[in-house]
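Now for the letters of each chain:
There are 2 protein chains.
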Amino acid sequence: MSDQKLQIIPLGGLGEFGMNCLAIRYGDDIIVIDAGMMFPDAELMGVDVVIPDFTYLVENREKVRALILTHGHEDHIGGVAFFLRQLNVPVYGTALTLALVERRLEEHDLEEDPKLHEVKPGDEIEAGPFTVECVHVTHSITSSLALGIRTPLGLIVHTGDFKIDQTPMDDIPFDLHKFAEYGREGVLLLLSDSTNVDRAGFTESERAVRPRLEDLYRRAQGRLVISCFSSSVHRLQHILDLAKESGRKVAFLGRSMLSVSEISHNLGLLHIPDNILLRPQDIMQVPAEKVCVAISGTQGEPMSAMARVAVDNHKHLSLRPRDMVVLSARIIPGNEKPIYRMINHVARRGAEVVYGSMNPPVHVSGHASVEELKLILALVKPQYFMPVHGEYRQLVKHAKLASDVVGAHIDESFVIESGETLVIDKRGAKKGEPVTVGRVCIDSGSVDEVVEDMVIRDRRHLSEDGFVLPIIAINKHTGKSETLPEIVSRGFKSLEDASDLMKEARQVVARTLENSSAEERTDWGVMQEKIRTDLRRFINKQTSRRPLIMPVILEV
Amino acid sequence: MSDQKLQIIPLGGLGEFGMNCLAIRYGDDIIVIDAGMMFPDAELMGVDVVIPDFTYLVENREKVRALILTHGHEDHIGGVAFFLRQLNVPVYGTALTLALVERRLEEHDLEEDPKLHEVKPGDEIEAGPFTVECVHVTHSITSSLALGIRTPLGLIVHTGDFKIDQTPMDDIPFDLHKFAEYGREGVLLLLSDSTNVDRAGFTESERAVRPRLEDLYRRAQGRLVISCFSSSVHRLQHILDLAKESGRKVAFLGRSMLSVSEISHNLGLLHIPDNILLRPQDIMQVPAEKVCVAISGTQGEPMSAMARVAVDNHKHLSLRPRDMVVLSARIIPGNEKPIYRMINHVARRGAEVVYGSMNPPVHVSGHASVEELKLILALVKPQYFMPVHGEYRQLVKHAKLASDVVGAHIDESFVIESGETLVIDKRGAKKGEPVTVGRVCIDSGSVDEVVEDMVIRDRRHLSEDGFVLPIIAINKHTGKSETLPEIVSRGFKSLEDASDLMKEARQVVARTLENSSAEERTDWGVMQEKIRTDLRRFINKQTSRRPLIMPVILEV
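Chains as they are written, first to last, in the numbering used here: chain G, -4 to 551; chain Z, -4 to 551.
Source of the hints: derived by calculation from the structure; they are not laboratory data.
Model, not experiment: these values are computed from the prediction.
Check each hint, because a few of them may be wrong.
To list a few chain G residues with every Cβ distance to chain Z over 10 Å, as calculated [said to hold, decoys possible]:
1. Leu171
2. Arg202
3. Val348
4. Val401
5. Val503
Below, in silico cross-link-like pairs of lysine to aspartate or glutamate (EDC-like), each with a Cα-Cα straight-line distance of 20 Å or less [to be verified]:
6. Lys332(Z) x Glu97(G)
7. Lys110(G) x Glu121(G)
8. Lys332(G) x Glu347(Z)
9. Lys239(Z) x Asp165(Z)
10. Lys332(G) x Glu412(Z)
11. Lys332(Z) x Asp193(G)
12. Lys110(Z) x Glu57(Z)
13. Lys395(Z) x Glu407(Z)
14. Lys173(Z) x Asp210(Z)
15. Lys421(Z) x Asp399(Z)
16. Lys369(G) x Asp170(G)
17. Lys395(Z) x Asp210(G)
18. Lys498(G) x Asp529(G)
19. Lys0(Z) x Asp406(Z)
20. Lys332(Z) x Glu331(G)
21. Lys332(G) x Asp193(Z)
22. Lys173(Z) x Glu366(Z)
23. Lys58(G) x Glu69(G)
24. Lys0(Z) x Asp420(Z)
25. Lys426(G) x Glu412(G)
26. Lys376(Z) x Asp399(Z)
27. Lys239(Z) x Glu257(Z)
28. Lys58(Z) x Asp23(Z)
29. Lys395(G) x Glu347(Z)
We put the CB at the ideal spot given by N, CA and C, even for glycine.
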């Protein structure tokens, strides 16, 4: 037994942004930490969601003992449904994390009931030779955990996603003492969040947002529309508290905003003052200066509530010149263009937009900056260090930081990317054999649509259902398509069978264009999404097949 | 004559980022200020450059008297060659601006010789009823002008792109006195740069960059590789000066870096210390700690010198672990992902990368922040104000700023987008009739390749040459394409004619994949560009046609 080796096997999230998933193996036992998703690059057209390739785990299915979730963000839980379809092992997480998982599971049709086990900070999870202690950490979503993982070879500390908020909204402090205790006890390996290793200093407390929001509540003359991540429960609390103080009602808009606010309210994590809620359909019935709207869609997602409000195409909210729109979230790199496009649309409505090109004025990060990362390194002073949760450049910087701070303590830091492994045995730690990893692309319904029948589309099976490329030439000036859209397809149906279908499909696309406003037609992101949604519905209905649909919009 | 109206007609750059072009018309006389290009969105696949639709000017060709260029940035001069092909009117600009225009003109085959006229600050350009005075302003490129345009109805002041650098590198101050004089005289209309209206305070002087760069010269142990815009002549001066002080030689890498440094040196704008230059082919022959490289490709452009160095695919420079790479430029919104991808590649080489996710540590902006914009408004105190050079959200903010600062002086501010017009006559100013505008997409060679035969490709003519879509499935894990690439084409050749050609084309794509490194194959941007370049060459050679080529890369 003492000859056994410990393997750290990142299946996603290291050397890339998103879809965090890490396996820890000792002999014939494996535990998995998180099973997240990532949003695809624009280059990966026709794909909504990307999840890790779980092949390594499926091939070792009889060894997998548990899936442990650190917190409820999509890049940590967004792949759980797909994971459970292949591996129905016990799942551990805090109440909020599990509630958010269950919300997603409802959209899926799992054959077996999932085995969800709620844990609290201080609880221990037994899984094969591992004992995993749950440790409270502060982060932008509540109920986040770090993990103290006891293995036959020593203690592994996994920070999860964290910042050290010394004045957290719920007054439950980051458990510094536990990290200190681990450090005294002796830690074999530290795995620590690298997201903000580029940022100097300390990340501000969520409480720092309040006075800035307060100022906007004072200034807003019409409706106050605040867009934030629906999972930012603390941010929603600010919005509700300030609405109460300023005599505004609050409406939640957007599917995720509605469900997450309800979930966190039911769990006692979000306190909703009496008589403050406004139904979405009543927003336009109440005097503008009495209305606050919390709305999802901070990243300019084409079908999100905020994006639809921006182009004046939302049934419950139409912006007016004295209204104020606040983006209370960071811009995720890669989303700049759609976000600025959305802001331009809002400005055309005549509403004031409060946003930050570089430092969003009403937002603080949920991830630790350099000084916090140093503090964790100094407290834990591990024998080995392996940065997690970052692109390659961030992992390298974090490893460098560790050698600066606790170089004397650390035997070695390892910059390991997804698919590479770290092996530790009695003789020490070194890089091990690579394992199979990859990205599995999922072509679901659009973000705010009920996902009726989500399918995993492995692109290797492209030849089965083929693909359909509608090609639309839009005149930039008129916003109109001057000829009937072209449609190119391949591997989908034999050409004779398909020609009538393709003729009709061209009409479907033409109708989608006609039924869009001039403003929508100038927004490629919105049009691609609308065309894809309508065409998918049509083709699926006519043929029961699901080809890959990639609208190509050319401006002429 | 006094009944004539003055029309301000933006053909590009207002309500969008890039391709600045503005016409001013009085009766039967038109002058045009700038003819720039924009870099296309990722959605606009297969397009390298976008220029304004000059239809309005072509339809009024006998009225166009002059093209006046404010400065030599591509978003102001990148469309000049296309402009002159249609309208060979006299072109005015400073020596540097014209030299940069001539460099581009060499790539084109103009039927008539261009009429280029060099101007200096203080010079007046006579064009029909207009007298245009050239005013020195400071900006990130030297030799930038604002324009004082005398018209029969009054004085128009156009700031060009500017910041107010009180300690400019060349000691030639921003001509504040001229702006003050105009203000005293009385200004009918001010057109002012809105780029940085989101930034509080004053933009730092270019001199602020020096101590930060100096620190890097001290720290760098191996080669110091600095990437900046080749047109940032002052930044190049810093690089040369500090290299001299620290005993390093300087090599310029990248086509634009080589030609712009030569041009600015020849004009006496860049001072190159004796015996400091190193030929690119000698970089690896000199001890690393004696080498500094100034390299183009700050925005992660797939075929740029910096991008090729990042994936270790440049014939003259191979990075080693002790080398330091510095990105001395801002991240243009939309380029985040390719830039971070490039940084990750550099980190994999083991080199240290100095960059800023939000505030690049060794860069200052070339555009005026809020306090500078206020200063210009206060000095000029125009009767009418029209913000230029910005997206809609920025124009709106700038108009708001004007009403805060000089609201008492201003009759009205106009937020006008490209294609809209402002009309001023004796009765006052109002929005006029729209004119034809649009974007013309140009499919040229790749950025660093000699552009042999650039063609204007109006997408309305797509049916003439058709399009070719190579579809490549790359395995994320192995970086390999597992099947022969698919090719879809339409409107290009009849299917029978093309089938042999397409078979060969599939082989061409397969070879491009084989000849790329594993690291390149995981970088979609690089692969799309390489496939497009090779396939274009093949198809052009075989058929003399130029279909639109859009590689679609699927990860499996």
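Quick rundown of the hints versus the structure:
1. Distance check on Leu171(G): its Cβ is at least 27 Å (rounded) from any Cβ of chain Z, clearing the 10 Å threshold; non-interface status holds.
2. Non-interface status of Arg202(G) relative to chain Z is upheld: no Cβ of that chain comes within 10 Å, the nearest being about 22 Å off.
3. The Cβ of Val348(G) sits about 6 Å from the closest Cβ of chain Z, inside the 10 Å cut-off, so the non-interface label is violated.
4. The Cβ of Val401(G) sits about 20 Å from the closest Cβ of chain Z, beyond the 10 Å cut-off, so the non-interface label holds.
5. Look at Val503(G): its CB is around 19 Å from the nearest CB on chain Z, clear of 10 Å, so calling it non-interface holds up.
6. Proximity of Lys332(Z) to Glu97(G) is assessed by CA-CA distance (about 32 Å); at most 20 Å being required, the pair is judged violated.
7. Taking the CA atoms of Lys110(G) and Glu121(G), the gap is about 15 Å. The hint holds against a cut of 20 Å.
8. For the suggested pair Lys332(G) and Glu347(Z), the alpha carbons sit about 29 Å apart, so the restraint of at most 20 Å is broken.
9. Note on Lys239(Z) and Asp165(Z): the hinted pairing holds, with a Cα-Cα distance of about 18 Å set against a maximum of 20 Å.
10. With a C-alpha separation of about 18 Å, the suggested pair Lys332(G) and Glu412(Z) falls inside the 20 Å cut-off, and the hint holds.
11. Annotation: proposed proximity of Lys332(Z) to Asp193(G) holds, straight-line Cα distance about 16 Å (limit 20 Å).
12. Restraint check: the Cα-Cα separation between Lys110(Z) and Glu57(Z) comes to about 16 Å, which is no more than 20 Å; the hinted pair holds.
13. Of the pairs offered as hints, the one joining Lys395(Z) and Glu407(Z) holds, with about 11 Å between alpha carbons and a cut-off of 20 Å not exceeded.
14. For the hint linking Lys173(Z) to Asp210(Z), the alpha-carbon distance of about 38 Å lies beyond 20 Å, and the restraint is violated.
15. A distance of roughly 26 Å separates the Cα atoms of Lys421(Z) and Asp399(Z); the hinted pair therefore is violated under the 20 Å criterion.
16. Note on Lys369(G) and Asp170(G): the hinted pairing holds, with a Cα-Cα distance of about 16 Å set against a maximum of 20 Å.
17. A distance of roughly 19 Å separates the Cα atoms of Lys395(Z) and Asp210(G); the hinted pair therefore holds under the 20 Å criterion.
18. For the suggested pair Lys498(G) and Asp529(G), the alpha carbons sit about 15 Å apart, so the restraint of at most 20 Å is met.
19. With a CA separation close to 18 Å, the supplied pair Lys0(Z) and Asp406(Z) stays within the 20 Å bound.
20. Of the supplied pair hints, the one linking Lys332(Z) and Glu331(G) holds, its CA atoms being roughly 10 Å apart against a limit of 20 Å.
21. Taken as a hint, the Lys332(G) and Asp193(Z) pair is honoured in the structure, with Cα atoms around 16 Å apart against an allowance of 20 Å.
22. A threshold of 20 Å between alpha carbons decides the hint, and for Lys173(Z) with Glu366(Z) the separation of about 19 Å falls inside it, so the pair holds.
23. A hinted pair counts as satisfied when its Cα atoms are at most 20 Å apart, and Lys58(G) with Glu69(G) does not qualify at roughly 26 Å.
24. For the suggested pair Lys0(Z) and Asp420(Z), the alpha carbons sit about 5 Å apart, so the restraint of at most 20 Å is met.
25. A threshold of 20 Å between alpha carbons decides the hint, and for Lys426(G) with Glu412(G) the separation of about 11 Å falls inside it, so the pair holds.
26. With a CA separation close to 12 Å, the supplied pair Lys376(Z) and Asp399(Z) stays within the 20 Å bound.
27. Restraint check: the Cα-Cα separation between Lys239(Z) and Glu257(Z) comes to about 18 Å, which is no more than 20 Å; the hinted pair holds.
28. Proposed proximity of Lys58(Z) and Asp23(Z) is supported: the alpha carbons are some 5 Å apart, at most 20 Å.
29. In summary, the hint linking Lys395(G) to Glu347(Z) is supported, as the alpha carbons are separated by about 10 Å, within the 20 Å threshold.
The structure shown violates the earlier hints numbered 3, 6, 8, 14, 15, 23.
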